[in-house]
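Student: From first to last, the protein sequence lines stand for chains A and B. Numbering-wise, our numbering puts 104 at position 104 of the first sequence, and it's gapless, one number per residue. With positions in the second sequence counted from 1, the corresponding number in our numbering is that position plus 109.
For the record, the hints were derived by calculation from the structure and aren't laboratory data. We treat Cβ as the ideally placed atom computed from N, Cα and C, and that holds for glycine. It cannot be assumed that every hint is accurate.
Capping the alpha-carbon separation at 30 angstroms, the derived lysine-lysine pairs in DSS-like fashion look like this [what the hints assert, rightly or not]:
id, chain 1, residue 1, chain 2, residue 2
1, A, Lys104, B, Lys166
2, B, Lys120, A, Lys56
3, A, Lys101, B, Lys120
4, A, Lys59, A, Lys104
Over 12 angstroms on every C-beta distance to chain A, these chain B residues come out as not near it, computed from the model [to be verified]:
id, residue
5, Gln126
6, Gly181
7, Thr185
8, Gly194
9, Ser196
Quick partial rundown of chain B residues pointing at chain A, CB under 10 angstroms, derived from the structure [to be verified]:
id, residue
10, Phe130
11, Gly151
12, Phe154
13, Ser167
14, Met198
15, Cys201
16, Phe214
17, Gln219
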Amino acid sequence: TQLLEQSPQFLSIQEGENLTVYCNSSSVFSSLQWYRQEPGEGPVLLVTVVTGGEVKKLKRLTFQFGDARKDSSLHITAAQPGDTGLYLCAGGSQGNLIFGKGTKLSVKP
Amino acid sequence: DTGVSQNPRHKITKRGQNVTFRCDPISEHNRLYWYRQTLGQGPEFLTYFQNEAQLEKSRLLSDRFSAERPKGSFSTLEIQRTEQGDSAMYLCASSTGHINEKLFFGSGTQLSVL
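Working from the sequences, and respecting the hints, build out all of it.
Tutor: Below, the structure written as structure tokens:
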């Protein structure tokens, strides 16, 4: 059974700080996706990483896929209150995605 | 707005009652998925459709659960004889079905079984 473990589970930081959250598995994934979810809403896709070692940037967010395609990280530079939310990683293909439990991020002004 | 639409947004029911949720996907998307999310957990896959065909069902989908997509457009998820453990957010998503596809999620239906 493929599992995705995310850490930390909770993170509370001040505006302007940098942070990194992690998504790890013992299984190889053909691709990993990162989503952000706000309370009472569905997840919204941020990025898909496909190639081992790949790095993608989305404004202040940097996503990295591990060389062995078993892990991924999300780094946020100069976090803002608008970054607050649940960050989920998901792996698999053809829609039967396996999600991690997420990292709940709170950025205080 | 042409995003994924789910109705109702909230449903409160008594244990033992039947409930039905509706999902309207993005119109040109031929794949439709149902997920369930409980507090503190990520979404868990339940089932998906390619047009009107239900192609995969999770072991989480007990025989009290049934999903349909009769004309390949909207879908319904019915839960019969609800139990308190069914309380969760039920999320619908749609996609084009291409490899490494992007899933578009609706806002979900929050079910509370009393």
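Student: Does B/Ser167 hold up as a contact with chain A if the rule is Cβ-Cβ below 10 angstroms?
Tutor: B/Ser167 check passes; min Cβ-Cβ to chain A is 8 angstroms, inside 10 angstroms.
Student: A closest beta-carbon separation below 10 angstroms is what the hint needs, so does B/Cys201 meet it against chain A?
Tutor: Holds: closest Cβ of chain A sits about 8 angstroms from B/Cys201, inside 10 angstroms.
Student: Could you check that no beta carbon of chain A comes within 12 angstroms of the beta carbon of B/Gly181?
Tutor: holds, 16 angstroms
Student: Going by Cβ atoms only, is B/Phe214 closer than 10 angstroms to chain A?
Tutor: Holds. Min distance 3 angstroms.
Student: Should the hint that B/Phe130 touches chain A count as held when the rule is a Cβ pair under 10 angstroms?
Tutor: Violated. Min distance 13 angstroms.
Student: Would you assess whether B/Gln126, listed as outside the interface, keeps its beta-carbon beyond 12 angstroms of every beta-carbon in chain A?
Tutor: holds, 23 angstroms
Student: The output says B/Ser196 does not contact chain A. Does that hold with a beta carbon cutoff of 12 angstroms?
Tutor: Check passes; 15 angstroms lies beyond 12 angstroms.
Student: Less than 10 angstroms between beta-carbons is the criterion; does B/Gln219 satisfy it with respect to chain A?
Tutor: holds, 7 angstroms
Student: Hold the hint about B/Gly151 up to the distance rule: shortest CB distance to chain A must be less than 10 angstroms.
Tutor: holds, 3 angstroms
Student: Find the nearest Cβ of chain A to the Cβ of B/Thr185 and say whether that gap is larger than 12 angstroms.
Tutor: It holds; B/Thr185 is separated from chain A by about 18 angstroms at its closest Cβ, greater than 12 angstroms.
Student: Given the hint that A/Lys101 pairs with B/Lys120, does the C-alpha gap stay at or below 30 angstroms?
Tutor: It holds: about 24 angstroms lies between the C-alpha atoms, which stays within 30 angstroms.
Student: Does B/Gly194 clear chain A by more than 12 angstroms, comparing its Cβ with all Cβ atoms of that chain?
Tutor: Given that every Cβ of chain A is farther than 12 angstroms from that of B/Gly194, nearest at about 18 angstroms, it holds.
Checked against the numbered hints listed earlier, the structure breaks hints 2 and 10; every other hint is satisfied.
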